[in-house]
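So the sequence lines, in the order shown, correspond to chains V and F. Whatever position you read off the first sequence (first residue = 1), add 17 for the working numbering. Whatever position you read off the second sequence (first residue = 1), add 10 for the working numbering.
FYI, nobody ran anything at the bench for these hints, they're computed from the structure. Treat each hint with caution, since some may be false.
From the derived model, a few chain F residues whose C-beta atoms are all more than 12 angstroms from chain V [to be verified]:
1. Asp81
2. Asp88
3. Gln230
4. Pro243
Facing chain F, a subset of chain V residues (Cβ under 7 angstroms, in silico) [what the hints assert, rightly or not]:
5. Ala50
6. Leu54
7. Ala57
8. Gln58
9. Gln80
10. Arg81
11. Ala82
12. Pro88
13. Phe100
Pairwise CB distance ranges, derived in the manner of DEER restraints [what the hints assert, rightly or not]:
14. Lys299(F) x Ser66(V): 47 to 55 angstroms
15. Ala49(V) x His272(F): 48 to 56 angstroms
16. Thr328(F) x Pro63(V): 29 to 37 angstroms
17. Glu61(F) x Trp191(V): 14 to 22 angstroms
18. Arg28(V) x Lys71(F): 23 to 31 angstroms
19. Pro104(V) x Gly197(F): 30 to 38 angstroms
Backbone N, C-alpha and C fix where the C-beta goes; we use that ideal spot for every residue, glycine too.
One-letter residues, chain by chain:
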Amino acid sequence: MKLELLVSILRERRFLVTAILSLLVYLVLYLAAMQYLTVAQGGTGPFISLQIVPDWQALVFRQRAPFLFEPVAALRFGPLLLFVSIPNLALGFVLGLLVGANFAVSYYGFRTLGMRGARGVHALIGTIPALISGAACCVPTLILVIGLQLTATLAAVWSMLVPISAALLVISLWWSLHRMAAEPVCDIASRPVNARARRSEP
Amino acid sequence: MKNTALAAIVLIGSPVAWSNPGSASDVSTLWSHSVRVAQAAPARSTVPAAEEDEFLSLLEKNIVSGGPPKDGIPAVDDPQYTSAGEADQWLVPEDIVFGIDYEGFVAAYPQRILVWHEIANELVDGEQLSITYCPLTGTAIGFKGNLARETPSTFGVSGRLVNSNLIMYDRATDSLWPQIPGKAIAGSLRATRLDEFPVAWTTWEQWKEKHPNTRVLSQQTGFLRNYSSNRDPYGSYLENDKGYYESERLLFPPITEDRQLHPKAVVVGFRDRSGNAAAIAKDRLRQEKQIEVQLGGRTVVVTYDPELDFHSAAFKDTAEWINAFDAMWFAWKAFYPDTQLLQ
Numbered sequence: 018m019k020l021e022l023l024v025s026i027l028r029e030r031r032f033l034v035t036a037i038l039s040l041l042v043y044l045v046l047y048l049a050a051m052q053y054l055t056v057a058q059g060g061t062g063p064f065i066s067l068q069i070v071p072d073w074q075a076l077v078f079r080q081r082a083p084f085l086f087e088p089v090a091a092l093r094f095g096p097l098l099l100f101v102s103i104p105n106l107a108l109g110f111v112l113g114l115l116v117g118a119n120f121a122v123s124y125y126g127f128r129t130l131g132m133r134g135a136r137g138v139h140a141l142i143g144t145i146p147a148l149i150s151g152a153a154c155c156v157p158t159l160i161l162v163i164g165l166q167l168t169a170t171l172a173a174v175w176s177m178l179v180p181i182s183a184a185l186l187v188i189s190l191w192w193s194l195h196r197m198a199a200e201p202v203c204d205i206a207s208r209p210v211n212a213r214a215r216r217s218e219p
Numbered sequence: 011m012k013n014t015a016l017a018a019i020v021l022i023g024s025p026v027a028w029s030n031p032g033s034a035s036d037v038s039t040l041w042s043h044s045v046r047v048a049q050a051a052p053a054r055s056t057v058p059a060a061e062e063d064e065f066l067s068l069l070e071k072n073i074v075s076g077g078p079p080k081d082g083i084p085a086v087d088d089p090q091y092t093s094a095g096e097a098d099q100w101l102v103p104e105d106i107v108f109g110i111d112y113e114g115f116v117a118a119y120p121q122r123i124l125v126w127h128e129i130a131n132e133l134v135d136g137e138q139l140s141i142t143y144c145p146l147t148g149t150a151i152g153f154k155g156n157l158a159r160e161t162p163s164t165f166g167v168s169g170r171l172v173n174s175n176l177i178m179y180d181r182a183t184d185s186l187w188p189q190i191p192g193k194a195i196a197g198s199l200r201a202t203r204l205d206e207f208p209v210a211w212t213t214w215e216q217w218k219e220k221h222p223n224t225r226v227l228s229q230q231t232g233f234l235r236n237y238s239s240n241r242d243p244y245g246s247y248l249e250n251d252k253g254y255y256e257s258e259r260l261l262f263p264p265i266t267e268d269r270q271l272h273p274k275a276v277v278v279g280f281r282d283r284s285g286n287a288a289a290i291a292k293d294r295l296r297q298e299k300q301i302e303v304q305l306g307g308r309t310v311v312v313t314y315d316p317e318l319d320f321h322s323a324a325f326k327d328t329a330e331w332i333n334a335f336d337a338m339w340f341a342w343k344a345f346y347p348d349t350q351l352l353q
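Chain V on its own, in the form it takes in the complex:
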């Protein structure tokens, strides 16, 4: 039921575009937070280059930190440097799908059902833990910025940020769809697009 609603929302172009853009923006932020997408300093090589580590098969699933895997290739495109870690790309893509779905559903709720308030913020909140977890490449330097000292408890929480983020995004999406499914009519085609019209109903 809820999945059908999600699919029907994504059938409309504007919501699908919202989902795809959100996914792409999230993926870029996720990779940048891990420093897997960065600006290369110096170097005199070609504009585009690809470097693959010789022993990539042995490294592809090797963890550097919880939910952070060894890059097996480096793609340089001008000043941009992308470290390719296949598990992290897959992880970022899955989280990005959830982020995209959240934004599309929030946008749908706002435009079609006239839902306002904190609903649209759900998706943002869900992304934060995963972005923070990306900074855990070697040591959580954000901790230093925040001014805390790393305790065993905090370290354990830190290592769980990716699953926490995924859980938050799933809950947020499920809750939004649940609320929308409870609306009197949830067929997109029959809904008035004008939010004001929806709010003026008794």
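Let chain V serve as the given structure and place chain F on it in line with the hints.
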């Protein structure tokens, strides 16, 4: 259990007699000749066993996870090198390098590479050496892999820390070795201390000037990291904003805290095999050039080398080499709470 393990360890030789690479007052001799170090197995400390056991247990209890799993920070096990000329294309003069001149093997290990690996294992004339660097305590120390007679080993990064200091593990016995004391705190080699060799913390410009034919650790480490960046995950030695390296904040609480100096102030620390320790503020050594310190009833002469902005140390009576290395004050004090401090 620990006492049993202690009892089971056989004393493996007398304390190592370090041969002197040059007189204590002649650092240029020290760094212009290959360092000769006795080929002996590591020795046990002469600190009273109960006291030592208690302190090792305290260190063991204070082990924390640094975040990465075992080998999550990968040691460089097959180092490749480039020439100084090639290295000039990607190193700037101010780059920190860790230089070794051991038995004719002259090499520089750039901080911007080792910060991602913390350990480089190298075989020199059949002898297993490890160049180790802990970013959180600002310490670069050379260890020999002769854990026991005819038991050479390489080292890896355990992913754990004590007093913010790197804890290495040896691949022969899996014992845990905090870098600063160089002594095992857990495992079958508990209380054994590693042999060391000199590693100079200097700049690329200074090292190259002194060793124009040096080899330099290559960026081909077998792993992909952003070696080109002037910033590492902790901060930067090349930019005005040095991040962790100058912040008063620590990431992990040390066992002992002391505010006589800024926590990240650089001191030259040295300790004997009896556990006596002393630290000299680096700026004071720069100023005075040579300082004598009493350590366990013997005089240690520490001599500044302006060519490398580094130093050497030796016992005055025998000219026996003693490892004196740069360290952040908070870390030195945490490992050696009774240390002398010459501010």
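Evaluated hints:
A beta-carbon of chain V is positioned within 12 angstroms of the beta-carbon of Asp81(F); the least distance is around 8 angstroms. Residue-level check failed: Asp88(F) sits 10 angstroms from the nearest beta carbon of chain V, not beyond 12 angstroms. Remark: the non-interface label on Gln230(F) conflicts with the geometry, its nearest Cβ contact in chain V lying 9 angstroms away (cut-off 12 angstroms). Once the 12 angstroms rule is applied to beta carbons, Pro243(F) is inconsistent with being away from chain V; the minimum gap is 4 angstroms.
Here the hint on Ala50(V) is broken, as its CB sits about 12 angstroms from the closest CB of chain F, past 7 angstroms. Hint on Leu54(V) is violated. Least Cβ distance to chain F is approximately 10 angstroms, over the 7 angstroms limit. The criterion of a C-beta within 7 angstroms of any C-beta in chain F is met by Ala57(V), whose closest approach is roughly 5 angstroms, and the hint holds. Nearest Cβ of chain F to the Cβ of Gln58(V): about 5 angstroms, under the 7 angstroms cut. The hint holds.
Restraint check, Gln80(V) versus chain F: the minimum CB separation of about 6 angstroms is within 7 angstroms; hint holds. The interface hint given for Arg81(V) is met, as the beta carbon of that residue sits about 5 angstroms from the closest beta carbon of chain F, less than 7 angstroms. Hint status for Ala82(V) relative to chain F: holds, with the closest Cβ pair at about 5 angstroms, below 7 angstroms. The interface hint given for Pro88(V) holds, since its Cβ lies 5 angstroms from the closest Cβ of chain F, which is under the 7 angstroms cut-off.
Hint on Phe100(V) holds. Least Cβ distance to chain F is approximately 6 angstroms, under the 7 angstroms limit. Distance hint for Lys299(F) and Ser66(V): a CB-CB separation of about 48 angstroms, consistent with the stated range 47 to 55 angstroms. Between Ala49(V) and His272(F) the beta carbon distance is about 32 angstroms. The supplied range of 48 to 56 angstroms is therefore violated. Judged by the Cβ atoms, the range 29 to 37 angstroms given for Thr328(F) and Pro63(V) is violated: they are separated by roughly 58 angstroms.
Take Glu61(F) and Trp191(V): their Cβ atoms lie about 59 angstroms apart, and the range 14 to 22 angstroms is violated. Separation of Arg28(V) from Lys71(F) is about 60 angstroms and departs from the stated range, judged on CB atoms against 23 to 31 angstroms. A C-beta distance of roughly 31 angstroms is found between Pro104(V) and Gly197(F), which places it inside the suggested range of 30 to 38 angstroms.
The earlier numbered hints that this structure contradicts are 1, 2, 3, 4, 5, 6, 15, 16, 17 and 18.
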